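Enquirer: Protein chains in written order, with full-length UniProt numbering: chain A, 1 to 231; chain B, 1 to 231; chain C, 1 to 231.
It is worth saying that the hints were derived from the structure and are not from the lab. Bear in mind that the values here come from a model prediction, so they are computed numbers and not experimental data. Hints should not be assumed to be uniformly reliable.
Derived DEER-like restraints, expressed as beta-carbon distance ranges [stated by the list, open to error]: (1) A:Asp118 with C:Leu74: 22 to 28 angstroms; (2) A:Glu91 with B:Thr68: 46 to 52 angstroms; (3) C:Trp209 with A:Arg92: 53 to 59 angstroms.
Short derived list, chain A residues pointing at chain C, Cβ under 8 angstroms [as the list claims (entries may be wrong)]: (4) Leu74; (5) Gly185; (6) Ala205; (7) Pro206.
Cβ atoms here follow ideal geometry from the backbone N, Cα and C, with glycine treated the same way.
Okay, here's what each chain looks like letter by letter:
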Amino acid sequence: MYEQLFSPTVQHTLDLVGIFVFAISGALLAVRKNFDVFGIAVLAEVTALGGGLFRDLVIGAVPPAAFTDLGYFLTPLLATVLVFFLHPHVERLQTGVNIFDAAGLGLFCVAGTTKAYDYGLGLTASACLGLTTAVGGGVLRDVLANEVPSLLRWDRDLYAVPAIVGSAMVALCIRYEALTPLTSGLAVVTAFVLRLLALRFHWRAPRAWNRRSTVVEGTDPAEAASRKATA
Amino acid sequence: MYEQLFSPTVQHTLDLVGIFVFAISGALLAVRKNFDVFGIAVLAEVTALGGGLFRDLVIGAVPPAAFTDLGYFLTPLLATVLVFFLHPHVERLQTGVNIFDAAGLGLFCVAGTTKAYDYGLGLTASACLGLTTAVGGGVLRDVLANEVPSLLRWDRDLYAVPAIVGSAMVALCIRYEALTPLTSGLAVVTAFVLRLLALRFHWRAPRAWNRRSTVVEGTDPAEAASRKATA
Amino acid sequence: MYEQLFSPTVQHTLDLVGIFVFAISGALLAVRKNFDVFGIAVLAEVTALGGGLFRDLVIGAVPPAAFTDLGYFLTPLLATVLVFFLHPHVERLQTGVNIFDAAGLGLFCVAGTTKAYDYGLGLTASACLGLTTAVGGGVLRDVLANEVPSLLRWDRDLYAVPAIVGSAMVALCIRYEALTPLTSGLAVVTAFVLRLLALRFHWRAPRAWNRRSTVVEGTDPAEAASRKATA
Numbered sequence: 001m002y003e004q005l006f007s008p009t010v011q012h013t014l015d016l017v018g019i020f021v022f023a024i025s026g027a028l029l030a031v032r033k034n035f036d037v038f039g040i041a042v043l044a045e046v047t048a049l050g051g052g053l054f055r056d057l058v059i060g061a062v063p064p065a066a067f068t069d070l071g072y073f074l075t076p077l078l079a080t081v082l083v084f085f086l087h088p089h090v091e092r093l094q095t096g097v098n099i100f101d102a103a104g105l106g107l108f109c110v111a112g113t114t115k116a117y118d119y120g121l122g123l124t125a126s127a128c129l130g131l132t133t134a135v136g137g138g139v140l141r142d143v144l145a146n147e148v149p150s151l152l153r154w155d156r157d158l159y160a161v162p163a164i165v166g167s168a169m170v171a172l173c174i175r176y177e178a179l180t181p182l183t184s185g186l187a188v189v190t191a192f193v194l195r196l197l198a199l200r201f202h203w204r205a206p207r208a209w210n211r212r213s214t215v216v217e218g219t220d221p222a223e224a225a226s227r228k229a230t231a
Numbered sequence: 001m002y003e004q005l006f007s008p009t010v011q012h013t014l015d016l017v018g019i020f021v022f023a024i025s026g027a028l029l030a031v032r033k034n035f036d037v038f039g040i041a042v043l044a045e046v047t048a049l050g051g052g053l054f055r056d057l058v059i060g061a062v063p064p065a066a067f068t069d070l071g072y073f074l075t076p077l078l079a080t081v082l083v084f085f086l087h088p089h090v091e092r093l094q095t096g097v098n099i100f101d102a103a104g105l106g107l108f109c110v111a112g113t114t115k116a117y118d119y120g121l122g123l124t125a126s127a128c129l130g131l132t133t134a135v136g137g138g139v140l141r142d143v144l145a146n147e148v149p150s151l152l153r154w155d156r157d158l159y160a161v162p163a164i165v166g167s168a169m170v171a172l173c174i175r176y177e178a179l180t181p182l183t184s185g186l187a188v189v190t191a192f193v194l195r196l197l198a199l200r201f202h203w204r205a206p207r208a209w210n211r212r213s214t215v216v217e218g219t220d221p222a223e224a225a226s227r228k229a230t231a
Numbered sequence: 001m002y003e004q005l006f007s008p009t010v011q012h013t014l015d016l017v018g019i020f021v022f023a024i025s026g027a028l029l030a031v032r033k034n035f036d037v038f039g040i041a042v043l044a045e046v047t048a049l050g051g052g053l054f055r056d057l058v059i060g061a062v063p064p065a066a067f068t069d070l071g072y073f074l075t076p077l078l079a080t081v082l083v084f085f086l087h088p089h090v091e092r093l094q095t096g097v098n099i100f101d102a103a104g105l106g107l108f109c110v111a112g113t114t115k116a117y118d119y120g121l122g123l124t125a126s127a128c129l130g131l132t133t134a135v136g137g138g139v140l141r142d143v144l145a146n147e148v149p150s151l152l153r154w155d156r157d158l159y160a161v162p163a164i165v166g167s168a169m170v171a172l173c174i175r176y177e178a179l180t181p182l183t184s185g186l187a188v189v190t191a192f193v194l195r196l197l198a199l200r201f202h203w204r205a206p207r208a209w210n211r212r213s214t215v216v217e218g219t220d221p222a223e224a225a226s227r228k229a230t231a
């Protein structure tokens, strides 16, 4: 039973922090997409809880934590209220949001991997679900906003790799029976720092070799269309 | 065990009515998007059954009702046939479709909340799943049709609020042990009437305060692109 | 217990072949959309495993096979590596890819129907889930790539019908207690050949009658926008 590596209160607080920062990122995208206040709330909830919800459905932990813990449900609503009234200020704090989002990434990939293993999945599958927990909410957010998921786009700084490294560290620690609050925290910090470095130095992943330009550069067809139009 | 507030036959008939009207809305969007007959059937099924399917997966009611009740599966196919042959007439009856869709919204949010509570979820989570049951199918419909979900758009008349009110009424009735066929029916009617009023008077939800126009007005990038192009 | 119609090794090999060819189709779309290497891997995994994952969640087979069988997880990564380095060659082999994809379609609709029936679903629901297993991954692929699912588009050669026929054959065989490796293989081959014929002769499904052109022809709004722009 690895899930309770930290004391329940510490773990729960960390979860809520991760949920809050992911909700902020969802709410901000909703404002940019011109959604109304309910759209903002929906995108905040989905971004914050989507990854964990998918993990819980896969491992059979129903009803998922997103629907049993009232704090999980209310935290994104708090983020919605904040963004609704203060979003220019929140956006100005983009660096702050990025840092918190990186923290959420680290926390979620570690917590997701541990919980999946506790439910009897293999090490590879657990690491894979840890990654999904961390990035799934953001993918759902982008799908609902009708955008190409930023996770998949080559012109975004590395996001999956830090989560993969964090999840893999947890899986390796479990494999060698070395998962303690310390090593667990180390995995969180590693994913967190890697993500910050990726942001700072604009690390990107390579695209396929010998890529011929079969689509226009911008990947976003609407952008491309408007570019053609103004050309 | 609140699920059977009405006699099974009445409840089942109401469910099928809700499924039918939601399927019509899915099928009509498919026609507008120029899909073929299978695309129409898929969108009809997804719109009608998607919300309940998600609820059943979350509460662990597997296999979901969508796959165990043949009537649930066949009703959207009936809607597909109707729309396939008669869609100009159906579209001309848009007001009728809107009224039925509002009825579906009311029926689904009440049935969803009650079923979720029966499966052991808390009151807030049950109301939340009731809302999801009512609006989930429409969101899936729009995602599959590659459009911004109309639930999230500020330029659509209120859709979530009537369902939230209906779900909350059911949750409050359960809380105070006052859930009877009468109060249950009252919640359906309240959501139904609120939705009709929203349509009639074009009630809309506010967007974020101090919104700077970071995206062009139309929210739909393609529209925006074409507007730029013709400007 | 119909699932093991073939010897376990044969069945497993067939599954892996189906997963591999679906993964190739996902990876190729990712390259065309200009995704980075992680985007290619994600789209390969989702395309290959998405349909079966959905089926397993619906029938309550958790954790789904996608997360318990390491080969299921690794095969799409192999496809990713191949497409990453060799994609111009793979694309040149488009006919080959189409043939394999048709084989995957046949294998998945039969395996999906059989597995759903083994988990206690009715015949119609089983056939329906067999269809979903076969086409679900491709729909998820297109949704993640922010495109209109090619399954729904009228200007694509028939894809659902061969899978429907294959699934229905299996359901009928079960109904008349005639499901053997032979009839099962016959269903696979029928779906496979029908799909190849659809590709060869560009069979398409009809769109709704009396269709008025409420959207511009291209169905893709961005294309349409750019066409307007250049007009």
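Enquirer: Now, for every hint given, state plainly whether the structure supports it.
Expert: Structure-based check of all given hints:
The given range of 22 to 28 angstroms is respected by Asp118 (chain A) and Leu74 (chain C), whose C-beta atoms sit roughly 24 angstroms from each other. The hinted window of 46 to 52 angstroms between Glu91 (chain A) and Thr68 (chain B) holds, with their beta carbons roughly 47 angstroms apart. Take Trp209 (chain C) and Arg92 (chain A): their Cβ atoms lie about 55 angstroms apart, and the range 53 to 59 angstroms holds. With its C-beta approaching chain C no nearer than about 27 angstroms, Leu74 (chain A) sits outside the 8 angstroms limit, and its interface hint is violated.
Interface hint at Gly185 (chain A): violated, since its Cβ lies 26 angstroms from the closest Cβ of chain C, which is beyond the 8 angstroms cut-off. Checking Ala205 (chain A) against chain C by beta carbon gives a least distance of about 4 angstroms; that is within 8 angstroms, so the hint holds. Interface restraint check for Pro206 (chain A): the shortest CB-CB distance to chain C comes to about 6 angstroms, inside 8 angstroms, so the restraint holds.
Checked against the numbered hints given earlier, the structure breaks hints 4 and 5 and satisfies all the rest.
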